[in-house]
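Once you have looked at the hints, place chain H on chain A.
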Amino acid sequence: GENVEQHPSTLSVQEGDSAVIKCTYSDSASNYFPWYKQELGKRPQLIIDIRSNVGEKKDQRIAVTLNKTAKHFSLHITETQPEDSAVYFCAARGSNTGKLIFGQGTTLQVKP
Amino acid sequence: NAGVMQNPRHLVRRRGQEARLRCSPMKGHSHVYWYRQLPEEGLKFMVYLQKENIIDESGMPKERFSAEFPKEGPSILRIQQVVRGDSAAYFCASSPSSARYGDTQYFGPGTRLTVL
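Quick note, the sequences are listed as chains A and H, same order. Using my numbering, the first residue of the first sequence is number 281, and each one after it goes up by one. Using my numbering, the first residue of the second sequence is number 183, and each one after it goes up by one.
In isolation and in its complexed conformation, chain A is listed as follows (with noise of 0.2 Å):
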């Protein structure tokens, strides 16, 4: 069935390192790829996404990475602050479907 795996599930970095989280998905057919940033008791909120066309992608300190043969992505934070502390979760969409399916999601703490 549809599965995404994340790594790592927790992370620790100094501010001003990088911090990169990987995910792995198992549907060959899956065309979108968005990372969201969960703060405690909050709402999801989309910080960049991917589609399968293209093979990586910039937004100031945050870049994504898609690898469509090997069937994984990946979320660079560079140049992190305390503020980037949250859970990050990696999603993928099939093509015939509207669904997200979610990775496990990866909590990151930037230590000042």
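If you're looking for bench data, these hints aren't it; they were derived computationally from the structure. Here the structure is a predicted model, which is why all the values come from computation and not from measurement. Every residue gets a Cβ at the ideal spot worked out from N, C-alpha and C, and that includes glycine. Each hint should be verified, as a subset may be incorrect.
[Unchecked claim] Residues on chain A that point at chain H, a partial pick, calculated with CB under 10 Å:
(1) T304
(2) S308
(3) A309
(4) Y312
(5) P314
(6) L326
(7) D329
(8) L346
(9) N347
(10) T377
(11) I381
Positioned in the frame of chain A, the structure of chain H alone reads:
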């Protein structure tokens, strides 16, 4: 431009009661999705609706749960005879009608259901 609205934000029910969760999509959005998030877990897809149609309910339990998105008014997720295991945050998301932007889902603030 108001975002996705959900109410109530918090709902407390006793076992056996009914819970009704409401979701108003963003203006111009006609696609609604419901997800459930158990404490300290990820989001699990429940159901995908368009106006007056259920498109995909593969993630919704077969019993006690139902959803609708009428021609007028908000989408409703209904849970009958709630049990303690139903305690969770229920998030609604909406996406635009346009095929070009149809992928992006924007989430509401969620309804936190507690079953006593």
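Check each numbered hint from earlier against the structure, then list the numbers of those it violates in ascending order.
1, 2, 3, 8, 9
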